[in-house]
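Novice: With the sequence shown counted from 1, adding 9 to any position gets you my numbering.
It is worth saying that the hints were derived from the structure and are not from the lab.
On a predicted model such as this, the values are computed, not experimentally measured, just so you know.
One or more hints might be untrue.
Said to hold, decoys possible - Pair by pair, the computed Cβ-Cβ distance ranges are: (1) E146 / A42: 19 to 27 Å; (2) K274 / K95: 29 to 37 Å; (3) L130 / R250: 51 to 59 Å; (4) L131 / G249: 52 to 60 Å; (5) K215 / S244: 16 to 24 Å; (6) D160 / G249: 29 to 37 Å; (7) K274 / M183: 19 to 27 Å; (8) Q127 / G155: 43 to 51 Å; (9) Q87 / K186: 39 to 47 Å; (10) K215 / I50: 32 to 40 Å; (11) G249 / I50: 37 to 45 Å; (12) I242 / E267: 16 to 24 Å.
Said to hold, decoys possible - Derived lysine-lysine pairs resembling DSS-like cross-links, with alpha carbons at most 30 Å apart: (13) K182 / K142; (14) K41 / K65; (15) K217 / K56; (16) K251 / K138; (17) K142 / K41; (18) K217 / K149; (19) K80 / K95; (20) K149 / K30; (21) K90 / K251; (22) K61 / K274; (23) K254 / K182; (24) K138 / K116.
For glycine and all other residues, C-beta sits at the position ideal for the given N, C-alpha and C.
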Amino acid sequence: MEKLNTLKQFETKEKFGRNVKLFLHFVRHGEKANTGELSEIGLQHSKEFGKKLEEKDAIKGYTSIHPRVKKTVETIIQATKTENKKHIRTRTELSHTILASDFSKSKFFKKVDQKIKQVYLLPKQEQKKALEKVEEEYQKEWLAYGENKPDEYTASPLEVARNISQLINFYTKMPEKLRNGSRVDLIMGTHEFIIAAMIKYLLRKKEKDRILKGDELFSRIKRVDYLDDVNLIISTDKEGRKSIKVLFRGEEYELDNEALTNLLKDS
């Protein structure tokens with residue numbers, strides 16, 4: 010009986026984790042209106058994002074608790090060719106709530122909010138370019154704080170990176186639990202600051218004879234735009250061996266495994 014149980018366990022194990030591809034998309038929400046909700050353009054671009062995704066065996070969404078992020082993820086998933094659409098769930102690690110313990114008292118985010126409100130007072134034709142400039146400034150300013158908090162109520166970039174590292178660590182192990190040959194999309198809807206911290210602390214890019222990472226890497230990117238997608242492709246071969254490729258804006262990056270390990274130790 011013991012040998013039979015062992016054989017069954019082996020056979021079950023052999024059905025999972027081989028020739029699997031998991032596409033883990035960390036996506037910023039679509040364009041927002043001056044009300045804070047997803048704009049009509051944001052809605053349309055989210056649909057286009059979904060239509061561009063190849064058909065998979067299944068697609069599932071995880072999202073920030075913020076309504077515009079939820080709407081972005083819902084719209085992306087509904088627009089995909091994939092028929093097996095799983096329920097969407099919220100995750101704290103993707104939510105704006107990890108950026109500040111109290112937004113009403115956060116000096117940094119009050120300042121950001123004020124700058125954005127000023128942009129929406131400009132003539133319509135000037136708003137897009139002005140907003141891009143403001144976003145580039147405040148993302149760069151926040152990342153420069155590193156391990157320090159901008160103020161008592163605002164999280165440091167390093168704190169946010171530690172949170173996202175736990176999420177990445179969890180989902181990079183998921184292919185082991187998927188049936189052999191599976192191809193699955195996970196849409197992780199979130200905010201620009203969370204993706205910015207991820208890029209600075211967890212990604213690297215080979216360039217000729219050197220490696221770009223940290224502030225130098227982010228200075229090349231400049232800012233996280235609406236619907237920017239950091240796509241981690243976690244693959245296993247026929248023996249179950251895992252590899253990870255990162256795509257961002259059509260270019261290949263690497264997940265910095267040493268940085269990930271260190272962030273997990275400090276979490």
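Novice: Against the earlier hints, flag every one the structure doesn't satisfy and list their numbers going up.
Specialist: 6, 8, 9, 13, 15, 16, 20 and 22
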